Amino acid sequence: MAHMTTVPTLDPGQDRTMILNMGPQHPSTHGVLRLILEIDGETVVRIMPDIGYLHTGIEKTCEAKFYQQVVPLTDRIDYLCPMTNNLCYVLAVEKLLGLEIPPKAQWLRVMLNELTRINSHLVWLGTHAMDIGALTVFLYCFREREDILRLFEAVSGQRMMTSYFRIGGVALEPPLDFFDRVRKFADSFPSKVDEYENLLTANPIWMMRTKGVARITAEDAIALGASGPTLRGSGVDIDLRRDMPYSGYENFKFKVPTSTEGDVFARYLCRVQELRESISIVKQTLDGMPLGAIKADAPKVVLPDREKMKTQMEALIYHFKIITEGFAVPAGEVYQAVESPRGEMGYYVVSDGTAKPYRVHMRSACLANLQLLPKMCEGRLIADVVAAIGSIDIVLGEIDR
Amino acid sequence: MPLTPPITDLEQLKEHPAIAHLQANLPGSVEGAKFDREEMSIYVVRSQIREACALLRDDAQCPFNYISDVTCVDWYPNEPRFEVIYHLLSIAKKERVRLKVRLEGDNPSLESVTSVWPGADFFEREVFDLFGIRFAAHPYLRRIQMPEDWEGHPLRKDYPVEGYR
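Protein sequences appear in the order of chains G and W.
So the first sequence is numbered by the working numbering: it starts at 4 and just counts up by one.
So the second sequence is numbered by the working numbering: it starts at 103 and just counts up by one.
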């Protein structure tokens, strides 16, 4: 609905209320979210989210690409967790193909996925705290985020749009000192989380702004399709990594933090504890990293090594064929969901037996979580709307696609 | 995990909790089923999708109480042209099931499930916006991604990927 000529989606109910437009260019709407608020003084009577300002038709574009060409598009859906989207898409296609992935590739994927989760939560924590008025936290969070982005750069050559996961494995062997660098980061990170918690968790201003604010019950959260920390903050104990494991998550031990309060503070606590759990998973992957190949043995699907391509006729032919005509995927359909930092990220991929996907649909966790906003904020102050938006951790790129 | 051929015989699949529950309480609502790549799809009769969803949500044995997703696939130029797809999740049993409704290409419509799960609201609006499928009794069926005055439905297969229409 991204245009301004047909505004009247809300009419003031009575004389004492007025319509206030918030966004799409507003620093605390995390991108281009537009909210139409009906307010009575400072109190919000009704909220209407208006989205679509970032709609780029990625699902349509996917239908015109080969399977392997879709991977870079999935990065661009959610710029804060590119690896999670890569992972979800490649898992879906691998399931369609019936492809077995070597353990080292799976463990690398888990490690990078958890680093992505930390990266995403750090941006969330920094911006959420900044929205509420705690400016310092932002600087601390971005300091550690920079370390993670450097790790991504080392492993994939890109800081943000990594496209490191490929159908059948990962793109490259990580550089020699990569695991040492990850370990150095993993060892120092828990004390950094303590620093953030020192600034916020027991801070009286922070507690006043977040405790009891934007409360949502477990029943409402389930009915409205919430997922991830937004759902766990209301006391629903579900985490797809533990309950429906994918990519070898069954090999790792971790706790799933939940909280029963269902307010902004509860969601904050869930995510901060997830930071600690994620870094513990990263350490487990480092301790047990298997040896072996990083790509599946499927020459018709996985690109050959550069060296082989230049010395072996067979490899050159496969390389040429994959690049020019892609690879056919057996007809069928698959819904693959992963636990993204924001909740249940799902890819529904339909194949008609050709080299291009017939349909790729992304189930966006943020789109569903955004539906909670009216329930959370109606009857509360405008300032609480800002806290509530931060607490559901939305990324508009993923909502609009 | 090498691929095995899908099972499409309803008789073989009737043990599945969702199919058994639907056949017992809403006879005639299941048109067919498919078990492929560890995933169960159930074809539901168009007029009974809302009742089927409500039944599955309130099933005592295996409540599919969470709606993950609503989407659509356009099989143009085949008929029935559209398949509207619901992905349900049972939070208690950690099970998924996929419901499918087939729709003719001419003026496609079916009943909204927003009265069962309010969370289906945005998903159904998106399907309406991008595929042009009308959901009866939806509280606010308007375009969500495209501009209000947009013509056409971009995810239909007869809509070009690039260039002018």
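Any given hint might turn out to be false.
What the hints assert, rightly or not - Computed far set for chain G versus chain W, every beta-carbon distance over 12 Å:
id	residue
1	K68
2	G101
3	P307
As the list claims (entries may be wrong) - Here are a few chain G residues that face chain W, going by a calculated C-beta distance under 8 Å:
id	residue
4	G55
5	I61
6	A67
7	K98
8	G215
9	R218
10	E264
11	M292
12	A296
13	Q374
If you're looking for bench data, these hints aren't it; they were derived computationally from the structure.
Remember, it's a predicted structure, so these values are computed and weren't measured experimentally.
No residue lacks a Cβ here, since even glycine has one placed at the ideal position from N, Cα and C.
For each hint, the structure was consulted:
1. The claim that G:K68 lies off the interface is violated: its Cβ sits roughly 10 Å from the closest Cβ of chain W, which falls inside the 12 Å cut-off.
2. A beta-carbon of chain W is positioned within 12 Å of the beta-carbon of G:G101; the least distance is around 4 Å.
3. Look at G:P307: its CB is around 23 Å from the nearest CB on chain W, clear of 12 Å, so calling it non-interface holds up.
4. Annotation: interface hint on G:G55 holds; nearest CB of chain W at approximately 4 Å, less than 8 Å.
5. Residue-level restraint check for G:I61 is violated (minimum Cβ-Cβ distance to chain W is 11 Å; threshold 8 Å).
6. Satisfaction of the interface hint for G:A67 is found here, the shortest Cβ-Cβ separation to chain W being roughly 5 Å, below the 8 Å cut-off.
7. Taking 8 Å as the C-beta cut-off, the interface hint given for G:K98 holds, the closest approach to chain W being about 6 Å.
8. For G:G215, the interface hint is violated, the least distance from its beta-carbon to any beta-carbon of chain W being 23 Å, above 8 Å.
9. A cut of 8 Å between beta carbons decides the hint on G:R218: the least distance to chain W is about 17 Å, and the hint is violated.
10. Below 8 Å, beta-carbon pairs count as interface contacts, and G:E264 has none with chain W, the closest being about 19 Å; its hint is therefore violated.
11. Look at G:M292: its Cβ only gets to about 23 Å from chain W, farther than 8 Å, so that hint breaks.
12. Annotation: G:A296 was flagged as interfacial toward chain W, and the flag is violated, the nearest CB pair being 17 Å apart, outside 8 Å.
13. Hint on G:Q374 holds. Least Cβ distance to chain W is approximately 6 Å, under the 8 Å limit.
Checked against the numbered hints above, the structure breaks hints 1, 2, 5, 8, 9, 10, 11 and 12 and satisfies the rest.
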